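Visitor: Count the sequence shown with this note's numbering and you get residues 6 to 399, in order.
Among the clues, some could well be false.
Taking CB as the label site, the calculated pair distances span [stated by the list, open to error]:
(1) Ile16 <-> Arg172: 36 to 46 Å
(2) His219 <-> Arg37: 19 to 29 Å
(3) Thr99 <-> Asp306: 42 to 52 Å
(4) Gly349 <-> Gly31: 45 to 55 Å
(5) Phe205 <-> Ser308: 14 to 24 Å
(6) Tyr212 <-> Trp327: 18 to 28 Å
(7) Leu344 <-> Arg172: 14 to 24 Å
(8) Ala330 <-> Gly31: 16 to 26 Å
(9) Trp327 <-> Ala378: 36 to 46 Å
(10) Gly251 <-> His219: 22 to 32 Å
(11) Pro347 <-> Pro326: 15 to 25 Å
(12) Gly31 <-> Phe205: 15 to 25 Å
(13) Ser33 <-> Phe350: 11 to 21 Å
(14) Cys179 <-> Leu243: 24 to 34 Å
Hints are computed from structural coordinates only; laboratory data are not their basis. Please read all numbers here as calculations on a predicted model, not as lab measurements. Ideal placement from N, C-alpha and C gives every residue a C-beta, glycine not left out.
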Amino acid sequence: MTALAIRANAIDLEVYRAGGRAVLDGGSLYDRPVWNAMHFTYTPWAALLFAPLAAMPAIAARTLLVLANCALLVFVVWRSWRWLDASRRRRVPTVCLVIASLSLLSESVHATVYVGQINLVLLALIIGDLVRDDRRRTMGVGVGIAAGIKLTPLIFLPYLLLTRRYRAAAVATCTFLGTVLVGFVLLPREASRYWFGGLFADTSRIYANLTSTHNQSLRGMILRLGVSNEGMAVVWPLLALVVAAGVFATAMWASRRGEHFLGVVLCGMASAAISPWSWGHHWVWLVPLAVYLLHLAARRDWSVVHPAWLGPAVLLPLTFPWVLALADPPDSARGAVPLGGPIGFVLGNLYVFIFVATVLAVVLHLRRHDQRAVGEGQYLHDIHPPSMARRGVA
Numbered sequence: 006m007t008a009l010a011i012r013a014n015a016i017d018l019e020v021y022r023a024g025g026r027a028v029l030d031g032g033s034l035y036d037r038p039v040w041n042a043m044h045f046t047y048t049p050w051a052a053l054l055f056a057p058l059a060a061m062p063a064i065a066a067r068t069l070l071v072l073a074n075c076a077l078l079v080f081v082v083w084r085s086w087r088w089l090d091a092s093r094r095r096r097v098p099t100v101c102l103v104i105a106s107l108s109l110l111s112e113s114v115h116a117t118v119y120v121g122q123i124n125l126v127l128l129a130l131i132i133g134d135l136v137r138d139d140r141r142r143t144m145g146v147g148v149g150i151a152a153g154i155k156l157t158p159l160i161f162l163p164y165l166l167l168t169r170r171y172r173a174a175a176v177a178t179c180t181f182l183g184t185v186l187v188g189f190v191l192l193p194r195e196a197s198r199y200w201f202g203g204l205f206a207d208t209s210r211i212y213a214n215l216t217s218t219h220n221q222s223l224r225g226m227i228l229r230l231g232v233s234n235e236g237m238a239v240v241w242p243l244l245a246l247v248v249a250a251g252v253f254a255t256a257m258w259a260s261r262r263g264e265h266f267l268g269v270v271l272c273g274m275a276s277a278a279i280s281p282w283s284w285g286h287h288w289v290w291l292v293p294l295a296v297y298l299l300h301l302a303a304r305r306d307w308s309v310v311h312p313a314w315l316g317p318a319v320l321l322p323l324t325f326p327w328v329l330a331l332a333d334p335p336d337s338a339r340g341a342v343p344l345g346g347p348i349g350f351v352l353g354n355l356y357v358f359i360f361v362a363t364v365l366a367v368v369l370h371l372r373r374h375d376q377r378a379v380g381e382g383q384y385l386h387d388i389h390p391p392s393m394a395r396r397g398v399a
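Let the sequences and hints guide you as you build the complete structure.
Guide: See the structure below:
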């Protein structure tokens with residue numbers, strides 16, 4: 006792990022450490038770039054959490070984050086599989102090893118580990134928080150802490166409300182507001198600039214070229230199709246609202262049919278899809294999606310598995326970096342010509358296509374199950390998954 010940390014180009018970790026150093030030294034977080042012309046784009050609460058990383062040597066911080074990311078990856082896979090298929094406990098170590106190893110080869114996880122990102126930390130906070138027994142009074146704390154670091158997890162607040170998890174929604178909201186309050190108490194000037202100065206919505210601080218294929222969101226894809234920035238001011242808010250409404254409706258439908266895990270994964274993927282800017286490494290939600298697909302493949306009765314799941318299943322292996330590089334060659338690849346045409350367009354917007362394919366598969370999957378239930382004379386009342394306490398997971 007130390008060797009991996011030494012080889013890693015942990016540029017994002019250095020930005021985190023610079024933000025933490027600004028907290029320790031009483032410097033500014035947002036007035037100027039904090040490290041090598043790179044801005045600190047996270048909340049004041051996040052900067053406070055990053056302060057311990059600034060107090061340790063760089064190699065120690067890199068090693069710690071590599072170890073933490075690998076451990077959290079295994080945790081996410083383990084928690085997801087135990088929720089979906091607790092009856093096959095003997096398979097848990099094998100499933101965790103296979104999916105975690107393959108996930109490390111995907112761009113989202115590989116880049117997260119290599120550049121020292123915290124995407125797996127946020128993913129683990131949310132999966133560990135929501136994929137468990139609804140009766141746990143602390144449900145919502147993980148979502149609130151994650152949203153306090155990065156705002157995209159706020160998408161789970163409407164999901165919790167729509168699925169009638171009111172206490173969890175209240176806990177998540179209070180926890181998030183608590184992180185904001187801590188920021189104002191300990192870093193009042195920086196908190197005022199971030200929240201009241203609109204810095205939380207300034208995507209230009211992330212990357213100058215909004216049309217770059219680095220932006221793997223719906224907004225990035227539309228800009229690459231030639232829509233002007235002026236046109237985006239009208240198109241983007243409407244599209245984001247429509248997509249969000251469709252995802253919430255589908256996630257609520259899934260939760261009512263006992264597919265709470267699927268609802269959580271859909272909302273997580275939507276947080277990257279409708280975000281103004283999403284790097285490829287923001288799509289770590291493909292890890293629990295891969296667990297779900299393996300769960301479907303392991304079922305003995307394939308008649309209940311809709312063929313539409315082949316869509317995301319076929320697209321997922323294309324997220325290996327060497328495949329994506331065909332449409333977006335790295336700067337070091339001198340003379341490389343990006344692959345054009347329909348294939349290049351798909352690879353250049355691959356995560357958006359996986360998101361669309363997954364939403365379609367979920368809708369058809371739920372529709373088939375409703376039709377089967379009606380055909381068998383069952384009532385389509387709200388149902389809930391078995392308690393996690395009975396599954397052996399707290």
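Visitor: Hints first: check each against the structure and report whether it holds.
Guide: Status of the hints after comparison with the structure:
{"no.": "1", "hint": "Ile16 <-> Arg172: 36 to 46 Å", "result": "40 Å, holds"}
{"no.": "2", "hint": "His219 <-> Arg37: 19 to 29 Å", "result": "23 Å, holds"}
{"no.": "3", "hint": "Thr99 <-> Asp306: 42 to 52 Å", "result": "22 Å, violated"}
{"no.": "4", "hint": "Gly349 <-> Gly31: 45 to 55 Å", "result": "49 Å, holds"}
{"no.": "5", "hint": "Phe205 <-> Ser308: 14 to 24 Å", "result": "48 Å, violated"}
{"no.": "6", "hint": "Tyr212 <-> Trp327: 18 to 28 Å", "result": "23 Å, holds"}
{"no.": "7", "hint": "Leu344 <-> Arg172: 14 to 24 Å", "result": "50 Å, violated"}
{"no.": "8", "hint": "Ala330 <-> Gly31: 16 to 26 Å", "result": "43 Å, violated"}
{"no.": "9", "hint": "Trp327 <-> Ala378: 36 to 46 Å", "result": "44 Å, holds"}
{"no.": "10", "hint": "Gly251 <-> His219: 22 to 32 Å", "result": "26 Å, holds"}
{"no.": "11", "hint": "Pro347 <-> Pro326: 15 to 25 Å", "result": "21 Å, holds"}
{"no.": "12", "hint": "Gly31 <-> Phe205: 15 to 25 Å", "result": "22 Å, holds"}
{"no.": "13", "hint": "Ser33 <-> Phe350: 11 to 21 Å", "result": "41 Å, violated"}
{"no.": "14", "hint": "Cys179 <-> Leu243: 24 to 34 Å", "result": "31 Å, holds"}
Checked against the numbered hints given earlier, this structure breaks hints 3, 5, 7, 8, 13; the rest are met.
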